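Novice: Quick note on our numbering: the sequence shown kicks off at 1 and runs consecutively.
Quick caveat, the hints were computed from the structure, so don't treat them as lab data. Watch out, some of these pointers could steer you wrong.
Across the chosen pairs, the derived CB separations fall in these ranges [unchecked claim]:
(1) Thr-47 x Lys-14: 46 to 54 Å
(2) Leu-30 x Arg-9: 38 to 46 Å
(3) Lys-17 x Phe-46: 39 to 47 Å
(4) Arg-9 x Val-40: 47 to 55 Å
(5) Lys-17 x Leu-48: 41 to 49 Å
(6) Met-22 x Tyr-45: 26 to 34 Å
(7) Phe-39 x Lys-6: 51 to 59 Å
(8) Lys-17 x Ala-42: 30 to 38 Å
(9) Asp-13 x Ala-36: 37 to 45 Å
Just so we're clear, the structure is a prediction, and the values are computed from it rather than from any experiment. Each residue gets a CB set at the ideal place from its N, CA and C atoms; glycine is no exception.
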Amino acid sequence: MSNVIKFERPPEDKPPKPKAAMSPSLRKTLIWVGIAAAFVLAWGYFTLFGGGAAPA
Numbered sequence: 001m002s003n004v005i006k007f008e009r010p011p012e013d014k015p016p017k018p019k020a021a022m023s024p025s026l027r028k029t030l031i032w033v034g035i036a037a038a039f040v041l042a043w044g045y046f047t048l049f050g051g052g053a054a055p056a
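All chains should be modelled from the sequences, with the hints used to inform the complete structure.
Specialist: See below:
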């Protein structure tokens, strides 16, 4: 046990973060569109550049 006094700053008040203006359904739709776009890009990459497997 110690008789040392700890001097600490009080926590600063943070301003509340602004709410997202995007509706949840729009956000979910954009996520699915992004996932679909990633699959299309991956398919296009392997189609154009050939994802040849390494010879065994």
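Novice: If a hint holds in the structure, say so; if it does not, say that too.
Specialist: Hint-by-hint comparison with the structure:
1. Thr-47 x Lys-14: 46 to 54 Å: Between Thr-47 and Lys-14, where Cβ atoms are some 49 Å apart, the hint holds.
2. Leu-30 x Arg-9: 38 to 46 Å: Given a distance of about 41 Å, which is inside 38 to 46 Å, the answer is holds.
3. Lys-17 x Phe-46: 39 to 47 Å: holds (41 Å)
4. Arg-9 x Val-40: 47 to 55 Å: holds (52 Å)
5. Lys-17 x Leu-48: 41 to 49 Å: Once the Cβ atoms are compared, 42 Å apart, the range 41 to 49 Å for Leu-48 and Lys-17 holds.
6. Met-22 x Tyr-45: 26 to 34 Å: holds (30 Å)
7. Phe-39 x Lys-6: 51 to 59 Å: At 55 Å between Cβs, range holds.
8. Lys-17 x Ala-42: 30 to 38 Å: holds (34 Å)
9. Asp-13 x Ala-36: 37 to 45 Å: holds (43 Å)
In this structure, every one of the numbered hints holds.
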